[in-house]
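*Asks:* Starting from the given sequences, assemble the full structure and let the hints guide the process.
Protein chains in written order, with our numbering: chain A, 13 to 638; chain B, 13 to 638.
Some clues are possibly wrong.
One-sided and incomplete, this derived list gives chain A residues near chain B with beta-carbon spacing under 7 angstroms [claimed, not checked]: (1) 120; (2) 121; (3) 169; (4) 176; (5) 178; (6) 321; (7) 502; (8) 566; (9) 592; (10) 595.
These are computed hints drawn from the structure, not numbers from a lab.
Predicted model only: the values in this text are computed from it and were never measured.
We put the beta carbon where it would ideally sit given N, CA and C, even for glycine.
There are 2 protein chains.
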Amino acid sequence: MRRKEFRDLADPEDAHEAIASLDLRPDDETVPLRESRGRVLAERVDADLDVPGFDRASVDGYAVTARDTFGADEADPVRLELVGEVHAGAEPDVEVGEGECAEISTGAVLPPGADAVVMVERTDREDDEVLVRTSLAPGDRVMFAGADVAAGERALGPGTVLTPREIGLLSALGVDEVPVRGRPTVGIISTGDELVRPGEALDSDAGEIYDVNSYTTATAVEEAGGEARLYPHAGDDYEAMESVLREAAAECDLVLSSGSTSASAVDVIYRVVEEAGELLLHGVAVKPGKPMLVGRLQDSAYVGLPGYPVSALTIFRTFVAPAIREAAGLPEPETATVEGEMAVRERYAEGRLRYMPVGLVSDGDGNTLVYPVDKGSGATTSLVEADGVVAVPPDVEYLEAGERVEVQLFSPEVRPPSVFGAGEDDPALSRVLDRVSRPRYLGVGTRQGRRRLRDGVTDVAVVTGDGTPGDATELGGWTREWGLVVPDGNPTGVENLVDLVDDDLRFVNRTTDAGLRTTLDDAVAALADDRGVDRHELVEAVDGYEFAVRAHESPARKVLSGSADAGLGLRVTADRLGMDFVPCGDEPVRVLASDDRLEKRGVQRLRDAVVDAADVLDDLPGYGPL
Amino acid sequence: MRRKEFRDLADPEDAHEAIASLDLRPDDETVPLRESRGRVLAERVDADLDVPGFDRASVDGYAVTARDTFGADEADPVRLELVGEVHAGAEPDVEVGEGECAEISTGAVLPPGADAVVMVERTDREDDEVLVRTSLAPGDRVMFAGADVAAGERALGPGTVLTPREIGLLSALGVDEVPVRGRPTVGIISTGDELVRPGEALDSDAGEIYDVNSYTTATAVEEAGGEARLYPHAGDDYEAMESVLREAAAECDLVLSSGSTSASAVDVIYRVVEEAGELLLHGVAVKPGKPMLVGRLQDSAYVGLPGYPVSALTIFRTFVAPAIREAAGLPEPETATVEGEMAVRERYAEGRLRYMPVGLVSDGDGNTLVYPVDKGSGATTSLVEADGVVAVPPDVEYLEAGERVEVQLFSPEVRPPSVFGAGEDDPALSRVLDRVSRPRYLGVGTRQGRRRLRDGVTDVAVVTGDGTPGDATELGGWTREWGLVVPDGNPTGVENLVDLVDDDLRFVNRTTDAGLRTTLDDAVAALADDRGVDRHELVEAVDGYEFAVRAHESPARKVLSGSADAGLGLRVTADRLGMDFVPCGDEPVRVLASDDRLEKRGVQRLRDAVVDAADVLDDLPGYGPL
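*Replies:* So this is what it looks like as C-alpha cells:
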C-alpha cells in the first residue's frame, strides 16, 4: 500500500512549504463600497476627481475680494455692498465685483470674482451693506479645488485593508464599486459514520457524537478571511465520500477534511486524493500532526486535519490559516501571540515538535502565567480551556516553572480570564459566575480544586468541607442539601443512608475528586462507627459504591435512565429533573481565593457576587447561607 | 430660540453620561450556530447531555475485561477469544465475557462486559484469538460517558463572545440555535443639499460633494458591533428630513446624523428632536465636539455628530462606539490604544479638551512616534493619514517633542505604516509604492518633503533637484520629462518655454512646494539670463504664472476643462489624458531616506522597489533611469 511511503513524518517546514506550493488564491472581484469593510484592495486607487471639486467656503460668512479688505480692522471696517447669497449645494448666481460681497454658507461654491471669505463673526450687517472688520488675504477661509485630494493623486495602494477610514476616503472620491481580493472558498468535509450535525437527533447507544470540527473549522476559516462552505456529511461510504470530495474540489480553492476516527475513512480520502490529484505529504513530525495530509484534489488544494478538536484547530491555525490569509491578501494579525511564564513545570520528551495546548491566567501583579491544558483523548472542553499553544522544540525535555514562553493564541481576541477557578461542580456557583465577566471555571471537584490553588495555577478554589489553607482567604459561600436522588415516587422506598446500606439497591456514586463524595464517605464512616463495624464493610454492602460518575447531575441521570435505583446528589438536582430526594444533610460550599490574587479585579468581582448571592440561594431548593 | 440654553458647552463626562442614559439595548435573539461567530451569548448554556454520551474507545484495538489481562506482559501474553467487532457509529452487537475480546475502533462504544481497551500495537492476532501483551486496569483507553462534559455542567456563561472554540464546544453539546445578544440597530441619516452618495453623478459647479460620513459611520457602527441602516439622503428640506428622522427613530435603537454644513439642517434636526423627543445636550467642550447633539427621538436614542469626517469619526469613537458595544454586550477591544512619543512639539492653548488627530510612525529602533495630523477644513485625506487621536487636557499648553502620549486608535487593527514618506507627487512613485506593503506617502511636494525628513517625522523624502542632506542617503531614483501640457492638436501652436513667455497664453502653474515648479522657475531664470532681463519681468509676462494648483495632473486638467491654454506638467500626464505635450527637459526624482531609519524593513523594501523599478519606468512615457 502506497501509504507506507510516507511513514517517515515530514518536517514541519516541509509541511509549510507543501501548503505554500498549493494555489489557493481566488480571482479578484468587485464589491459595493457599502459591503467592503475588512476586504483588501486588489489594486491601487488613484483619485479620479478633485476633492473638493470647487473652491469652497470653509466658514459661514461673506465671499469677498481680498483686495477690498486691505487695511480693514475693528476700528476701521470696510463697507461692502451685499449683492447676493450662495448656499451649499447650489450654483452661485451672483458675481462679486469690486466693493461687493455675497453671503455664503460653509461648503458653498466661492462665487466668481471672490477670492476669500470673511467669517460672519468678523462682520456687521447693515441692510444691504456689510461691515468687514478684518483684513483678508486671497485664499483666506477658502478650501481650493483639489486641496484635499487632487485628481491623479495616489489615494490607496493595493493590499490596503478597508476600515471605516479608507471607506471614508473612497466615499469622498465617489468610488462605489471597489476592486478587492477574492476570499478563498474553503470546502469543509466531515466524514465518519459516528458524526451527527448539531441540531439533529443523537443516538448515543449507537456511538454517535456531534460533529465538532465542521463548525469549528468553518468559523476559523472565516476568521482567517476565507469563505467556508460546509458539505453534507458523508459517513464512511466510499461512493458518497468520493462524490462529496470531488464536488468540493470542483467548487472550492481549498478542501479541508478532519480525520474521521475510522481508518477506513482515511483510506477513502487517501484513495480519492491519489486518483484525482496528488498527495504531497502524509504525517508531519509535530504533536499533533501525525494524521495530517497535504495534497491536490483536481484543481483544488487539499489538507486533511487531525480528528481531535484541539489538534484540528492547532494544525489549522499553524499551517492552514496563514495560507488562507495569504490567499486573501490579509496581513498576519498583530495580536496573535502573547508572552508569559510557565506557571508549573512541564515535562516533555517525545522527540518531535509539540504544539502544547495552554491556558493563560494573570497573576496578582498582572503577569501572564501559562499552564498546560492536556485533557487528552480529544476532549472538546480543552477547546475553551486552552487559549493557544506553545511550540516546544523536539530537543526540549522540560519547561521550567517560571520559564518565559510565547503563546500562539487561537484567536487574536483571546485574553486571560478575569478570574480562574477550579473545584466543586455546583449549580449555585454556576449562577454566581454568570455575574462575573469572563470567568474560567473547571468543575474538577474539591480535591483537584485545592491542588490547583496550592500549585499557584488558579486564583480561586471552590470546596466543600472545612480547612482553608494558610495562604488563602475565604470569600464566602453557602450550604447545600445533599442526599439520595431517586425516581419520582421513590419506588424502592429508600428513606435514609441506612436503607442504602441495608437494602438491595443499585447505587451510583460520585468520583473521589468530588467534595460531595467525601461528605458521603464521612457519613458512611460515622454510620460504621455507630454500628461498631469497619467502614469498608458498609461500603462493600452497597451495590455500586465504586460506580462513580463525574458531575453533580450525573448520578441522578443514571437513575433517570434506569441503570440505578439511587444516586448521590443534591436536592436542587432532584427538583430540576422531577425526581424524588432523600435528604442526608447539609454541606458547606466555600469559595477560597489565593492571598496573592486578592487584588485581581476578577477575584474582587467574584467576591462581590458570592457575597450578594442571597437571591441565587433563594431560587435554588436546598440552598442556604453558610 | 431654545438653542441658546445650550450655549455653555457640556463637560465631556456629562456627554458620556447622557449617552449612557439612553437605552440602546435591543432584545436578545436566537441565531443558528453556524452564523454565531462574533456574537455574544445572552444566557448561560449548561450541558444538556453527556459528552461523550457513551463509554468510548480512545484507540483502535480490542475491548477486554481488564481482569482477564492481569499479569500479562510481552514475555507472557494472555490469549483471548475474539467474539466480534464494534465500529464507530454502530451499536455493539456483541458482549465480552470472561476470556473474550472484541475488535474495536477508536470512538466506538465499549461493548457490554468490557471495561478496558488494549491498543492494537500491544496485541497479536492469531485467527480467532488475540494475544494481549500487556496488563490493563479498568478504564484504560476508555473515555467514560460524560468525562468531557457531563449533563448539567456549566458550559459557557452569558457575555461570552463566540469564537471558533466556543462554537466547537456548542457543537459538541448539539446546540444549533444559540441565544445571543441582539445587535443594536443604528440608523444613519445624511442631510445637506450638497451631499451626493458615492456612485451617483456629481455636479461640482453646483457645489456638490460626495457624502463621506454615511459610509464611514455605517462601517464604524458595524465595527463596534451594531447593525447599520442607511436612510435615503434627505437634503435640507424640513418635511423630508422630519419624515426620515421619524422613520429611522421608529425602526432603530439609535439614530445618528452628521452635521450638515448648513445651519438650516441643524435647525430642522433640532426642531424634530424637540418635538418628537427630548434634547439632552447640545455641544460638548471638546475639540471637535461643539456641534454634538444628544437626545431622544420617539423611543430611540439620537446623537448628532460633527460634519467633518475626522471629527465625526473621533466623536463616534469616543462617545458612541462604547455605548454600541455596551448595548451589544461586547467588551472594549484590548488593542484600541498604543503608547508612543511625540515626534515634534505641538502647541495647544484652546482651553478645552482636544482630541488631536495623530499619525504613527516607527523610528529606527522600533519606538512608536506620534505626530499631529491637522489638515483642517474637513480634509478627508486626514482620515487615512491619522491613525487615532491623543486626548489633550484643557490645561495643557503644549506637548513636548519626546513626551509620551497614549493614542486612541481609530480601529484596533491600526498599525504604523511600514514606511512613511513625503514629497513629490509622482506617477512612477505611485507604482513603486504598490510593491511595498502598507506604505504611507504624502504628496506634499519636494519642499515639504525635505522639511518633514529634517524634522525626523518621515523615513523618506522624494525630491526633485540636487542636494542630499548630510544625515540622509539616496536610495535611488529616475528622471521624468517635464514641459507644457496643451490640448490635443496643440491649437495655440506653443513650441517651447519662449512661446509661453512671448505669446498670449493662459497658463496654469504648480504651487511653490512642488519640485516641478522649482524646475520651471529655474528654467525661466535661465531664459531671463539669456535675454539679460530680470526673471520677474518674464514671470509677469506669463498670464497665470501665479495661478498655481497642487498635484501633478492638476494643471493639465485645468487645460482640459478649458480654463487655460497650457499647464506645467509631465509627458506621462499628457499621454494619459490624451493631450499634447511640449517638452522642456528632464528632471531627476530622487528617493532619500533618513540615515537612522535605513534599518527599517519598510525602508529596505522601498529601496528594493526603487532599485527594481526599470519595468515601471519602461511603462511610463518620458521616464528613464537617473
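*Asks:* Looking back at the numbered hints, which does the structure fail to meet, lowest number first?
*Replies:* Failing hints, ascending: 7, 9 and 10.
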